[in-house]
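Take the sequences, apply the hints, and build the full model.
Number of protein chains: 2
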Amino acid sequence: MADSGGAGAGGGETLLFLTDEQLRKGIEAMFFAYRGFTADPDRILADYGYGRAHHRAIHFINRSPGTTVNNLLSLLGVTKQSLNRVLRTLVEDGLVDSRVGNRDKRERHLFLTAQGSELEQKLSDAQRARMRQAYRLAGPDAVVGFRRVLEAMMDPEMRSHFTTLKDQG
Amino acid sequence: MADSGGAGAGGGETLLFLTDEQLRKGIEAMFFAYRGFTADPDRILADYGYGRAHHRAIHFINRSPGTTVNNLLSLLGVTKQSLNRVLRTLVEDGLVDSRVGNRDKRERHLFLTAQGSELEQKLSDAQRARMRQAYRLAGPDAVVGFRRVLEAMMDPEMRSHFTTLKDQG
DNA sequence: GTTGGAATGTCAACAAGGCTGACATAAAGT
DNA sequence: ACTTTATGTCAGCCTTGTTGACATTCCAAC
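Here the protein sequences come in this chain order: A and B. Each residue of the first sequence is one higher than the one before, counting from 1 in my numbering. Each residue of the second sequence is one higher than the one before, counting from 1001 in my numbering.
Possibly wrong hints are sitting among the right ones.
Said to hold, decoys possible - With a Cα cut of at most 30 Å, we get these calculated DSS-like pairs of lysine-lysine:
{"no.": "1", "chain 1": "B", "residue 1": "K1080", "chain 2": "A", "residue 2": "K25"}
{"no.": "2", "chain 1": "B", "residue 1": "K1080", "chain 2": "B", "residue 2": "K1122"}
{"no.": "3", "chain 1": "A", "residue 1": "K80", "chain 2": "B", "residue 2": "K1025"}
{"no.": "4", "chain 1": "B", "residue 1": "K1080", "chain 2": "B", "residue 2": "K1105"}
{"no.": "5", "chain 1": "A", "residue 1": "K80", "chain 2": "A", "residue 2": "K122"}
{"no.": "6", "chain 1": "A", "residue 1": "K80", "chain 2": "B", "residue 2": "K1105"}
{"no.": "7", "chain 1": "A", "residue 1": "K80", "chain 2": "A", "residue 2": "K105"}
{"no.": "8", "chain 1": "A", "residue 1": "K122", "chain 2": "B", "residue 2": "K1025"}
{"no.": "9", "chain 1": "A", "residue 1": "K25", "chain 2": "B", "residue 2": "K1122"}
Derived from the structure by calculation, the hints contain no laboratory data.
Structure below.
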């Protein structure tokens, strides 16, 4: 059914990249690449007895120190109960500092401790190394395209989170 | 530490795209984009009481009809026990047909039933629609770059799986 | 000032889907 | 025939997602 992108009827011959086959390859590329993307951090995390959920929390706390649980929630797109379990272990293990808010005592503001920063560095170094290698192999023009397609693939809400983080950066 | 990609020392000024900040943005882009990538199938799967694991199995069985459990295993990168649970429910529900091999009776060859193909279509249509939209917004050149970076990000073993599938396609 | 609703975060219990270990069956080598 | 190897299945554990119930804090109405 519906080979919607072909050069056959109507459109332009510039739409060859929208064939179902091309799209399928893109889908598989995402799948395999994401495996590579998470492989190195996963190995490090296993040494600590942590999982990807811990990595994500650590990443975004490092990115926005002092962020609240609620804010982290909307970034991660999980339930607060799920995030809470992860945060609790990180606080217990002394990687994250959770301070009650001054203005609003319902909120908890989250910071990495020195120990937390150390793990963040390890994870982030490994993941950046993979990314750097891929970027280097693909070249600067490819990187621009890569980022453009990824951004277009996000849900609008996630895209706005993404660009907000970008502006901070 | 280690702002390894800067234009500062040694290399060329064409390496600005390798700054730690750029790499971090790439990492976050992957994270947010992958969420979008899986969002539509996830909704459909939920109606059937299935999860992503079922989707992956269905996708690759459709891609290589008659493939064996062992072959699927190396594509998916999970344990056979894990895959088996998913396959069992798909066979029970009549979406997948599992036929004992002729040459080697230890092997099971996997096929989608009509019902399985129907679900595959739904999932794949939704995911391709998202991909098509992203490709269209980003443009053909961006798509080439996207694919190049993703391919460079894979583990070598996954990359060879990927290109093998490509050749079949 | 008290009270009721909304927001924030925590605790408990359950489900999906990873994992390892133990095992049955079939094929292949000795 | 007998051991070794490959393939697939069954059982049980762990992480991490989910919903439901609840405590605390804030704010607005009274």
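Practice item. Quickly compare the C-alpha distance for A/K80 and A/K105 to 30 Å and report which way the hint goes. Key: holds (17 Å)
Exercise for review: Compare the distance between the alpha carbons of B/K1080 and B/K1105 with 30 Å, and conclude whether the hinted pair is satisfied.
Suggested key: holds (17 Å)
Review point. If you draw a straight line from the CA of A/K25 to the CA of B/K1122, is it 30 Å or shorter?
Key: Holds - the C-alpha atoms of B/K1122 and A/K25 are around 17 Å apart, at most 30 Å.
Check your understanding: Between A/K122 and B/K1025, is the straight-line Cα distance small enough, at 30 Å or below?
Key -> holds (17 Å)
Point to revise | A/K80 paired with B/K1025 [C-alpha distance capped at 30 Å] | key: holds (25 Å)
Check your understanding: Under the criterion that the straight-line Cα-Cα distance not exceed 30 Å, is the pair B/K1080, A/K25 satisfied?
Key -> Holds. B/K1080 to A/K25 sits at ~25 Å (cutoff 30 Å).
Practice item. Starting from A/K80, check that the Cα of B/K1105 is at most 30 Å away, please. Key: violated (49 Å)
Point to revise | Agreement of A/K80 and A/K122 with the hint, judged by alpha carbon distance not exceeding 30 Å | key: Holds, at about 26 Å.
Check your understanding: Quick one, are B/K1080 and B/K1122 close enough, alpha carbons at most 30 Å?
Key -> Roughly 26 Å separates the two Cα atoms, so the pair holds.
Violated hints amount to a single one, hint 6; each of the other numbered hints is respected by the structure.
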